[in-house]
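Take the given structure of chain A and dock chains B and C to it, following the hints.
Chains as they are written, first to last, in the working numbering: chain A, 1034 to 1286; chain B, 502 to 1059; chain C, 88 to 447.
Be aware that a few hints might be false.
[Said to hold, decoys possible] Label pairs and their computed distance ranges (CB to CB):
id, chain 1, residue 1, chain 2, residue 2, range
1, C, L109, B, F641, 47 to 53 Å
2, B, Q971, C, E289, 28 to 34 Å
3, A, I1072, C, K219, 52 to 58 Å
4, C, T345, A, I1113, 30 to 36 Å
5, B, E1004, C, I128, 35 to 41 Å
[Said to hold, decoys possible] Here are some chain B residues pointing at chain A (derived, C-beta under 7 Å):
id, residue
6, A620
7, R623
8, I643
9, V644
10, G646
11, G647
12, M689
13, V690
14, H693
15, I720
16, V728
17, I741
18, L748
19, G749
20, V1035
21, E1037
Hints listed in this document are in silico derivations from the structure and should not be mistaken for laboratory results. A quick note: this is a predicted structure, and the numbers were derived from the prediction, not measured. Note that beta-carbon positions come from the ideal geometry of N, C-alpha and C, so glycine has one too.
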Amino acid sequence: MHSSDHSAHHPALAHHFQDLDQQKDATWLAMWVFLATEIMFFGGLFLAYVIYRSSYPDAFAIASNALNVNMGLGNTFVLIISSFTMAMSVYSAQMGQIGRLVVFLILTLILGSTFLGVKYFEYKDKFESHLVPGRHFDFAHHHDPKTGELLEGAHSESANKATEAHSSGHSEKAKREIQIFFSLYFAMTGLHAFHMIIGAGLLTWLIVLALKGRFSREYNSPVELVGLYWHFVDIVWIFLFPLLYLIGRHHHG
Amino acid sequence: MSAHVIDSQVIVQTEHKEQENYLTAGYSLKSWFLTLDHKRIAILYLISVTAMFFVGGVFASLMRLELMTPQSDLFEPDNFNKLFTMHGIVMVFFFIIPAVPGVLGNFLLPLMIGAKDVAFPRLNLLSWYVYIVGAAFTMFTIVSGGVDTGWTFYTPYSTSSSQTHVVPVVLGLFITGFSSILTGLNFMVTIHRMRAPGLSWFRLPLMVWSIYATSIIQILGTPVIAVTLMMAGLEKVLRIGIFDPNLGGDPVLFQHLFWFYSHPAVYIMIVPGMGVINEVVTCFSRRSIFGYRAIAFANVGFVVFSFVVWGHHMIVAGQSVYSALIFSILSYLVGIFSAIKVFNWTATMYKGSISFDTPMLYVFGFQGLFLIGGLTGLFLAALGFDVHVHDTYFVVAHFHYVMVGGLVMAFLAGIHFWWPKMFGRKYPESIARFSMILIFAGFNLTFFPQFILGYLGMPRRYASYPDEFQVLNIMSTAGGSVLGLGFLLTAAYMIWSLFFGKEAGKNPWKATGLEWEKTTSPPPTENFFETPTVDEEPYNYANRDFTKDFNEEVKVGA
Amino acid sequence: MQSSTVPLFPEQASSFALQVDLLYLFLTAVSAFFTILVSGIIIFFAIKYRRRSDAERPPMTVANLLLEITWIVVPLAISFVMFIWGAAIFFKMASPPKEAMDIYVTGKQWMWKIQHVNGHREINELHVPLGKPVRLTMTSEDVLHSFYIPAFRIKADVIPGSYSKMWFQATKPGKYHLFCAEYCGTKHSGMIGSVIVMEQSEYDAWLGNTKDSSLAEAGQKLFKTMGCVNCHSAQSDIKGPNLEGIYGKQVRLQDGNTLIADERYLRESLLVPNAKLTEGFPANMPAYQGLITEEQILQLISYMRTLTPVVTSNTPSKASTPVTQATPKPEATPAPKPPANSATTESKPSGSTPKSEPAK
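This is chain A alone, in the form it adopts within the complex (with noise of 0.2 Å):
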């Protein structure tokens, strides 16, 4: 059983594999796996999010309304398109046709970048606001971008005669669950931003790669493996966006 097959003197093949088709098979193997644990990882977010919104209905929605649903509507797009992109790297991979592979990869790393820097405003934006936890986190003289009132009286509209007494001790309890609504956007978000990070980096990567002519229709596994990771971190994204951006739209009753 000595494996004297042909394919073991491919240059991409690791001295411990057989052959390129169980190296390919463990590798796919292996990143399903790690997606498992990805959605796991995101999952603990997911359910603290689940039972601090049905929690704090109200302070939920009202902290939503403060993030700017243009920007993520913006950059869910941007997203969607470059999965586009990314599965048509794939699938010039496995044609075999190294320049468009190069021109999509680039697509999609621009894609990418395009998302990262929105988000860097995003950001940006908030820390301004002072809508980042911790000891600068003040929400008290937030705006309603739609109606210009402050959203701090959006919850208790018929509070009209509160007096200071009233309203700070108020508002303590709802800046607290605003807080938490802001500690969990960013948590996710940042967590979620990493991630594009990251492949941003495998990326730039690849197109090293393939730019030095690695990858043919007979070995194009990395690829492969990029886009299913790529692929993964977008859905998150799916999935993050009417989460955190739209609980609040309709919920101005």
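Showing chains B and C alone in chain A's frame:
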């Protein structure tokens, strides 16, 4: 992720010298610290988990010393609290969880399935480095003043009240978690994709099934603890309210998330140990395992049920009566899988040819102690009983019977059993037997009194206690010193045997299995001189002629 | 309690003690049986089948499905008995009798503060009468604690931001340990005290000595001094819900839901009134979070529990406001609780505890 795919260093080993093995393949530090050989990585783990075991052991000894008297005299309560916390963290996260998978799993898995290495050797090395980084954070915490939250990090104490170094240690555990995940992922893929020709699932040694089950739990459970610790760390640093009720959070949510991982983690700890027992009990009974499939599927049962019993840690923590009932009955169901295994191991000995070498003595020890550990688990699953003994020494004793009586016994059985394979030399048999008896006796003297203490009502994590508990505590401390002596003696003769032990030969126990029959001791770098094929059931001792020499050299070349 | 002999059981001093001990004996007996059985078999096999010569060739292992099924089914059946038995005791522990007397417990690092209904307070000591069911309502000011009386065989975690309950009936006069069983920091092992069980007459005498006003009276005072009375009475100008008979009543909320006004709801409404507004009332009550202590909250709740609904002809509030819709239950006094809630906290966190610094 897929960096290994572009591995350009193709080592095509066509020629090999008779004497060369993985230990003699290189002597430089670099050849160890940058090794991709699973066997060398196993040795790295062996050294690091043993070091951590003795660090944790020192904390335990100091704690037992303090508990000899009712007052807190040797240590301030603050320091005592740090001692039990550091003991728990070091032992749980840096010894018990990585011990069997990291050392025996790494060394044996590719050998047992006839592969040249694990699927992703670089990832494997990375796992060890990640473990070391996590351990470094923990060591930094210890040196810089320690942490006092208990290894469970219950909120809101850990996030709002404790003034100790919670953040670095939590960060350390967060990092170590990835070591566990990556190892699990690597092993799972290895088992799926790297088996030798003819090695179907039901021909696998049961140790491999155990590692497989463990890997799944590691893959699915560890991310949850990682994200939970991350949230706790964020709460501590940024004062955001996720778990602290003063900030609008829910302290009990932490317990749910924590135990969602940490109960399955108990199976991460014990299941690989059970895997070792399968190998040893068959070898020293020279019988094939009784009820192979039952044991294999019991592992699957552990995977499924371990994820649905976490609530039994929270029976007095304010969950509803109905959830308590559900968690109680599920806990009884998960107990059945352990019962199946214990009975099957016992039945395996029936009509065997039983020898009393040290590994087998450890199996006897394991059987007895794990039995008591498991049965007292049934005590704790009985709701009305748990209310009384929850958070008392009864739980401490139960946990140690399972973890030390179970896992450490199994680990020592495995280490003694495969020592000749790992290093090509035998340990000194009579000292080893003596030392096993020391450990067994010392263990019982240490922990059996704790069951009684627990039922009497002594809460755990107490630096001082009422006078009437003193007698039992002194017994426990006395036992602890015998236990510690046993461990030290074991470490001493093991190290001695590395240099002065008898040459072991390829298969000193006349065992079955690819690692014994198809390769040398110690094995060469790529494990086998040719890819082995498998054409029989595992543990096929009935087909072996024990009058023959099992140490004859492996045939070289095809 | 001599240290020369080692006891095997803590004292039996509550109605649960014997039940738990019997279960313990049963569990021990079963365990001892199986431990001896399996160890016996292992030792027997080890001797009988010991290796006499290295040439021995043991026969092939024969599968025995019946045997395997037996040792799955028998332990399952025994486990089921354990489950039922344990659950039965747990149910009793979780169902306090209606007539149980209330005592309130507040845990903080590192002491137990106890308030009796008549206003008597004690620290790290709990005096209870013999033979009378006692229900503890417990909360914490800081971190998790756990209230544990080994001689009574009961324990419940004490959780900040919510109320835990447990109950017992002492059966033997004496002084027993009170422990904190949930790790709570530096002096966790110092957070101990005593439970003193006294004959009813002695207990009455002990309790009678107090000069404090009763818990409800203290609550009534607070009700006036803090200005609650200005809104929450039939005569006031600004209208808040009428609190007569509020405890245990069904309340309809602004969002259309209803709930039973229990300790947890009343506490939350005090601290954060707008969290669950009663239908028909504006959100104009000040939040008392950070302004009153856990003990004062308990006093106010005790006071509210004494407010029986006034059935007079001139209760304008009755007609104009859908304050509280009385449940059909005739009795105004305590605790139409959902079953089974001792040792059980009924809640999610409801906000902050006082005395702690609000996050800035």
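Results for each hint:
| no. | hint | in the structure |
| --- | --- | --- |
| 1 | L109/C - F641/B: 47 to 53 Å | holds, 51 Å |
| 2 | Q971/B - E289/C: 28 to 34 Å | holds, 32 Å |
| 3 | I1072/A - K219/C: 52 to 58 Å | holds, 54 Å |
| 4 | T345/C - I1113/A: 30 to 36 Å | violated, 44 Å |
| 5 | E1004/B - I128/C: 35 to 41 Å | holds, 37 Å |
| 6 | A620 | holds, 4 Å |
| 7 | R623 | violated, 9 Å |
| 8 | I643 | violated, 28 Å |
| 9 | V644 | violated, 29 Å |
| 10 | G646 | violated, 24 Å |
| 11 | G647 | violated, 26 Å |
| 12 | M689 | holds, 6 Å |
| 13 | V690 | holds, 5 Å |
| 14 | H693 | holds, 6 Å |
| 15 | I720 | holds, 5 Å |
| 16 | V728 | holds, 4 Å |
| 17 | I741 | holds, 4 Å |
| 18 | L748 | holds, 6 Å |
| 19 | G749 | holds, 4 Å |
| 20 | V1035 | violated, 11 Å |
| 21 | E1037 | violated, 17 Å |
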